[in-house]
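Residue numbers (UniProt numbering), protein chains in the order written: chain A, 1 to 267; chain B, 1 to 988.
Hints listed in this document are in silico derivations from the structure and should not be mistaken for laboratory results.
If you're wondering where the values come from, they're calculated on a predicted model, not measured in any experiment.
Treat the hints with care, since some could be wrong.
The following label-pair restraints were derived from C-beta to C-beta distances [as the list claims (entries may be wrong)]:
1) B:Thr189 to A:Asp224: 35 to 41 Å
2) A:Ala76 to B:Arg415: 54 to 60 Å
3) B:Val378 to A:Glu155: 49 to 55 Å
Keeping only pairs whose Cα atoms sit at most 20 Å apart, straight-line, the calculated SDA-like set for lysine to any residue is [what the hints assert, rightly or not]:
4) B:Lys651 to A:Val183
5) B:Lys599 to A:Ala185
6) B:Lys599 to A:Val183
7) B:Lys599 to A:Gly194
8) B:Lys599 to A:Gln204
9) B:Lys411 to B:Val385
10) B:Lys411 to B:Val338
Virtual Cβ for every residue (Gly too), placed ideally from N, Cα, C.
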Amino acid sequence: MSSGNAWFRNYCLRKSLNENSQCTSAYRKSGSFSNLTFVAFCYAYFIIMWDHEIKAMASSHAIIASSVFMATVLPAVFIQGFSVYGTHLLWLYSVTGAVSVVNIAVFWLLGISQPTKKNTLGYKLSRLVRSCMYLLLSCLFYHTVVVLYGAPLIESALETFSLAVLLTSLTTLRCLCVLGPNVQAWIRVFSRHGAMSVWDTSLQITVACSLIGAWLGAFPIPLDWDRPWQVWPVSCSLGSVVGYLTGLVVAPAWIHFHRKQLTYKSK
Amino acid sequence: MKIRTSVFTSFIMMAQVLGIALFLRGFFPVPVKSSVSAKNKLSDLPAEPLTGGPHNSSRLPDPLFKRVVIMLVDALREDFVFGPNGRGNMPYTSHLVERGSTHSFVAKARPPTVTMPRIKALTTGSIPGFIDVVMNLNSPALLEDNLLWQAQAAGKRMIFYGDDTWLRLFPKLFMERDGTTSFFVSDYTEVDNNVTRHLDSTLKRDDWDVLILHYLGLDHIGHVSGPRSPLVRPKLLEMDDVLKKIHGALVSKETEGAPPYLLVLCGDHGMSETGSHGGSSEPEVNTALVLVSPAFRRKVGMETPSVVEQVDLHPTLALALGLPISLNSVGRLIPAVVQEAPLRDRLRFLHLNGHQLSCLLGANWSVPSYREQTQIEVGVEQFRVAEKAHGGWMKLYLEGNTSEVLGNMGKKVLRQYLEALASMSSALSRQLGKYDMYSMVAGMVIVFQLLLVLLLAMPEALSGAALVDVPVLQALLSLPFYLLCLLLASVHVLVCTSAGSACYLCSLSWGLVFTAVAFASATFCVLVSMATRRLPGGGGGGGGGSGWSLSELDILLLAGTVGHTLSLAASSFVEEEHQTWYFLLNTLCLAVFQDVCRKYFREQRRPGAIGENREHHEEEEEEEERFFLSPKGRRPSDPSQPGGDPRSREKWLALATPPLTLACCRLLRTLNQTGVQWAHLPDMGHWLNSSEHRAVLSLLAALSLVLVYFLIQRRCSWVSRIALALGLVGVYSYRAAVGNVWFPWQHGSQSVSKGTVEARFVYVFVLGILFSGSKDLLRSQIAAAAAAAPLKRRGLWEIYSGLVLLVALLFRAHNLPVLCCCLLVQSLMARFIWRKLHYDAAQTTIMHYWFGQAFFYFQGNSNNIGTVDVSVGFVGLESYVEGPAIFLTALGTYAGPLLWACHLVCYLNSESLRTPVALGHGCYVLALLRSVPVAAYVVLVTALRYHLFIWSVFSPKLLYEAAHALLATVLCLFLGAMETAQADAARP
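The shape of chain B in the complex, shown without the other chains (with noise of 0.2 Å):
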């Protein structure tokens, strides 16, 4: 079966992404847990272990605390209390922690580090998955065994104040609440009033058990301008100054006899050296965690604070507050926290934390390694091992002993618990990063299938003909094809039989699961078939395939790429990823001006066959040229330009090109700094963005937004320039109403706004643009092949435009010289590099492609999840709304190679008038450049599943491959449209 090179890579490229897709969900599984929906009751409780005698009661211990208060500040980080600063940051929290009864902690988060799963982990106690983060937009209810749902149970009343992604995890819980959306990062001020506004009637009050806060402030400030910036200490201080009423009203409270109160002050994450979080560098992971109760020993110096688990302080909670702890719970028990209370008490906790970690490890063992297992088994084991000594000690105790003998024997019971809690709880943290092995290597085996079946094509696709011969029909009719089959089947079988585990496969109906066997084994057919014909002849069947020779440039772009699918396999490699792509492109740009310098000073210097049949070339290219322009332009062909010989000018021109391109890139590289390890260096971003340098980044932005129209309108219709500047203006104006610019007629302090009106003003447009490309686009299937062919071109890049606007108005005032940057590139790369020096299609989607893999990291990206912009997502919006978030912020975040993209597809269009093919080569490369790291970094990851840094450094890399992967194959499908749709219109 014949089919276009553009229809095949298209086919191939979604079928690429339902593979991925399968990788993904076994890679994040839904974290494995006993029971979504069960719940520790305190009926459940084992009884407290004695030898001899009848059963003990299994009540609990009377709680420790009464009331307790939780002050979660957002990104407390832990040097700002704890820090050389803390003493002038938070002068009382520091003076509670040196002199108070207070324990003070290093509470050590694990990644991701962003906010929903850090609360999750807090209130149950178990380690979200990384999946949660791509869910942190979208946070269902938790219906999880929690702390909240159990203190509701015992019938503790609760209050909440702060930021409402708890409202939407714990929808019904609370007695009265009241969220502040975190998403206007812009605005630190409110957010934080809003909750402490409550604050005075509520600690005035005695109708409430539980009392907590989120404030969101510090957060947000780390966002806009960093951990060092002049507004973190008010911001601190007026969170002293908060702790310090709490800590007031609470003591002015307290009665003699009743148990003590509880102050907690913790953060949920850190904050990165920019500001950022969602990494797993010290300075994120490292929280602050201060408890403050008069049942604590006064202490008498700055002592070091101990470094803790986050979800530790879930049991100790629990358990302190005589609750059960949650069925998922991993973390144990503080030690330090229960430390006055009575030695039978705290072996009794310990006990109960042992019993529920031993529980929760029975639960989990499905397919554990051989290591793992006794890992496991020496936990339970020890854990035995002290209940008996604890059933020991109480049977001396409730005798009535109260010898030394006893002490010393309890305090080895409570050293042998805290040996078995930490074996438990490392195996446990350990079994929660498993895999669903078979779903993975299902789907890679379906990738790995289908990049094959892509290389195998390459001499048919890259042909003149760009027709690909794939072979299905005689495939499926094919005896091997029903022998794979029938083996798969039994496969899949004979897996989900033995294993029985979370499986996503084994968990799909069966007919799915039969399409995919059968979608496997026919690809599998068509490969084998398809390599035994490209194997013998060779050439045979390729045509053309052996002359192929190499210029320097082909075998930069070659290695460039092989090379940098190889480096992902480098954990720093992959941080750093924006380094080896501007390496690269700054490589390519010099040998592109090799070329240039090639191209025009050796023809000068010899006049020879060689230099008169390039002459001829030049002659026919300018004609050419003149056709494309004068028709784009919608000016007459200008014959005689102003100033001088035009030939020598555009020499000069092109010869400028690369290095300007080269002194664009570098400039652009000082704007945002990303990676990890020069992360926190200061970039001109930063520098623009603080508030003296306002009229700096206003004129720049300015200036940036004009540019961006000379450069786009040439080839527009002149209702769409109008419209492009006017939303040009709207743009500005918006970021004006944020407050991010400044109107040259107010200097002034003026209010900031959402800028929702002048958002919106800019969409009109934007859809306005947009829908006349698309009108011209569908005018040029029905015109005359004749007058088709300016139609289509102009709707492209109208389209084209629309969406330059659209990026224009997401990205961020300082990131506006990335996109004029980008823009200017483009022109001058497009008129005066790749028409002129002849590159063919192949080359040009490579440069296309590097180009936008460098924007991508120009405008801010890294290959962390911290870094996605997400207050992208409300531009234009009142409030959140889920489907044009998500895509306002995937738009945002893949600005870069998207533009870069879609500039190709009007570069190929005007290509294809000459090599007819240009579209669907372009098509194929660029799926070719997207499925071979896809591919490549799929097999990666499932190697290095055990690397340290898997879910800190190579999941979100993943991600971002992934999300990539979907916005080619979307591409892919325009470029095959543009192309079927063109080859339909010359058929006739």
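This is chain A alone, in the form it adopts within the complex (with noise of 0.2 Å):
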């Protein structure tokens, strides 16, 4: 118990030597806690967020991803007859339902957006108009995108749609809750050294997680196994959400690893 609680001492005192973090003063301010309950909570924790953003981020990140569980689990046992596979666009819906709910709930409760200059009702609501039309639009990027990638065009349509609804509730709509509807902010963000801040550290992570793991769910596609999760869209789905969840677990991880060389320029 001691050792552990030793060696954070040191890692605080190298974290505070390297650069000016608020790592000292977490330190300081978790002194009230009991040293025993908290080692505890260290070793439970595996990997350990002091930094309060860091900490902020670690919890948003379990509740969407619970959300997500959640949103495959309790279907199942209100509706007869659910299944991932089976059911396979009710689930798409479920989750693309919650993780959009959770989202949005989590980052207006934590209130990370940029603060609006303006407070009048017409300019929130020519923001709220700008965000659908910004969601709407994504869509049918996604869309076009899933067909040049060889989706049937007309066939399948409502599938192809639908897991471009997925995709947008996956990475458009956290953009919109972290960046708000601007552009330009997205292009910072997204191009090189772009970050600003842990947040957009941790939005560039999910949402490239999400898009590669939609990508890597397309190759087993074209394998004859005949098996459920080959259908269109299924295994694209899946490879999104199941990287959409690694993104949500390995954007903290990466944060706090990597906490040397990320120096965010001022806001």
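Hints are included, so try docking the two chains, each in its own frame, into the full complex.
Right under this line is the structure:
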């Protein structure tokens, strides 16, 4: 126990020497905890996010991830014959809905997005309208890209569009939540060395992970195994959700381990 | 020894092709046979078994049939006759099948389901090796023991009408013959009329014993428009009429007492859902086989036809005609056919067949694995037991015993014989897929060593100097080299003396073998010394190797190359390889799009230090661009472009290029549905080729040709431009003459010709443009340095446009948009992407290679032999001429990769003004891209050589890979020559 505590103190010292982070203050704040519970807490999490922001990120990610699980498990209780393969579109919609609602709620509660300059109702409304338009546009964009990748044009348009909606909810919605309907900020974040906060980095990671997941999900389709998950678009949507979950886990961990390298320019 | 990268690469590639050839020689062995020219003789037949008593006669039972008519309908799929539509397609035949005295079977053909191997299988009863497909275009006379030779030796008179492949296989055996050539695929009436026209007179005569008819029309219809075409039904009705006519004539000739006739209706192979064949899918393999004879019991109702092997027809026919079975036959007698014969004869037939199979097994027993050995022994043992029981039965029979015991005992012997035949036959067909492992391993070792040398040289080869230090002399003078030589030579002697079986390397002369041994050991020494040099210092020898940072694009390119290589291990990924390439290409376009967006949008937002730097580059580049363009286009540099700010216009064009490319790829993808799983889906190509949409096809073809002209002409000299225009007009008129497209002024039915004149007209211009291009290239060698560059560039471009014209001639009309899109994408990418975004030679080469691969599949190819369009080999030729036909077919097949590689040469050449080593780098990367999958695939195929799909999926792919490696070698040589010329020009 005490060795863990010593390790942590050392770690904080090193940290504070390396950069002026809030790490030590976090430790001081957490002094009110009993040391024992505190260390248990560290071991339980394995990778510990001391920083306030990383902690917030980890917990919000945990909530989002659990919402995905709930969206998979809960309908199975209520709806007869619900399964991920059998009623795939239903599962897809439930995940989409859960992820969007939870994302919006979490980010609204956390108040991450840039503070708005004007606080009038009209301005808020216009932001809302623009956000909706972006969501729609992104659905269409994903649909086009998926069709360009070789999805049938007319035959299973509904399935393709559902996949596009899922991808939108996993990527674009998060962008909207974090950055707001601001294309220039988006371009900044997604260009090289453009991240300006941990949230930007986590956004990059989750978006990349979900897209790569969907991309990898397309590979098993040509195999002639005749499995239920090879049906369009099951493997792609599964891949994207798995990628998204991976991104949710990886983002805080990666940020934590690369704290030294991550130097953000001032906002 | 320091040599230039391109020279080094070309040398490695040439050696690698030799290694691959050696591997192929081992992998596709000449099928192991008892002897090529040995024939089975009547006198060699075993005596009828009899326990005790004197030796019985070795005579054969009396022939069951006197006359045989074999009506072979090419691509007669099983469901054409037995399927739900069979009654409508072939009413008379289905009536016979249901009610007549017939036997009907589904005969399974072995892949490759191509005509010539199938004919060989039917006549010799053996399973021809895969290499027969490659020899299909040039079939020499069949020297093996075969049914026809036996029939002739027995004094049977034979008549043949139909596909002239038979005449090439059996040049002197027929009393009367008339061959039709099978290569004009678009002709499906004349080929069959040429066969049928002889029937009436022949059927009236009595002077023949065997009549063979081979009808090609159905296969041609399949190739042109698939099995669901409306043309299929009339053709099948025609075949039905022919069958009715023959049957009627045979029935009327029938006399009491004499042995009856036998009419065989069979197909050589089936037809896939797209109408091609060659692979091993169910519809390609299952063929109909109907035997009609009054000797059979009359049937009372429809029975489901039982399944037999196609090779089983051979021993059945041979025995039923009283001929010896061919030595190499692996088939077994179809018991149903001899059902009505006396039991003694039936047992004798089975005995003869079993004896022949056991002899063949004995001859082929060289080094089988333990499991096979036991299986063979089991089969032979079963046969011995049955033979003994047969002897006992004969003794009882000859003693005049006629009790029921005898009948039961005979049935038991019969069953024993059938079991023995089944196990021997299966052991044999496994035996036939034997590999020459020694040659394979030798080839593999060479290929791998060269690949490793290539990989180890990477830091030097891609460095700024592009010089590779190959320690050849050092290796040749070292002690390990000599020791290794000695070791390998002794291994060689050991292997050759111990195996003794057919081994290609052992049959080579000593000089050649020693050269190979020396080469392998030298490569190994070079490899080791390069590796040791690379190991300790790391960056010491290579220089600049450590500082590489990979962008997303680089990661994608690397991951794609590696991933594709790995995917070759799965048979489905090989079958659907086009999907992999389309997928990677799409991702590549998206990655490029992201790069473009990043460049143009970020620049605007942040005019910081980097931005200014970029601006600076941009201006330089603009100047260079003008410098490049002005001599190319032969027009004054246009300072004022019409409409708006040129910079912003260019930006939008650059932004639009990747989406446009994506859209093009998506459209082309629908043009030709290839692969296996989704090949049957309707595609644009079939839609365009159907006769109702000929106007659309004509319009599309014309539009594509016009676009091709505009895309290609801008960098040619004016003479070539005129030649190009005339050539493209010639292409269109060739397609019109062949009957694919219409001229606007001739809407009615015009006569279809071969279009030889038009095609030759185009050839003249192709040669003209190629000549003018090479003249420019040669002139650039002697011209002054300043004038040389534009001359060379123009020469290269003209050679490229000559190739484009040739490809336009060879492509089918519905594939012309592929060519057009190819050129469009090339010019857009070169103009707005590769040059503007500063992609280096390696990246550009990889992108070209990917595009080339994707276009290979866009034009309708697949990893199946069946999709090779052999009709391309006859464009502009009156008859089959081997050299040009093979060249044109290869060119037509590899048009996509070739055009992209040629464009790469042009692009890198223009780029080499800026970075002089671009050509060398491109050459190296191209070689690496080709040899990595080849080397991996060679190992994979060796590991999977007993895989179920080895012949149907993996071997065709191996042939494709080998051919592609050959093509890449030629291109590397060309690139190397270009670079050498350039370096020579730069030196003085």
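Here is how each hint holds up against the structure:
1. B:Thr189 to A:Asp224: 35 to 41 Å: Hint holds: Cβ distance 38 Å, inside 35 to 41 Å.
2. A:Ala76 to B:Arg415: 54 to 60 Å: holds (57 Å)
3. B:Val378 to A:Glu155: 49 to 55 Å: holds (52 Å)
4. B:Lys651 to A:Val183: With a Cα-Cα distance of about 19 Å, the restraint between B:Lys651 and A:Val183 holds, given a limit of 20 Å.
5. B:Lys599 to A:Ala185: holds (16 Å)
6. B:Lys599 to A:Val183: Holds: B:Lys599 and A:Val183 sit about 16 Å apart, inside 20 Å.
7. B:Lys599 to A:Gly194: Holds - the C-alpha atoms of A:Gly194 and B:Lys599 are around 14 Å apart, at most 20 Å.
8. B:Lys599 to A:Gln204: Roughly 19 Å between the alpha carbons, so the hint for B:Lys599 and A:Gln204 holds.
9. B:Lys411 to B:Val385: holds (14 Å)
10. B:Lys411 to B:Val338: holds (14 Å)
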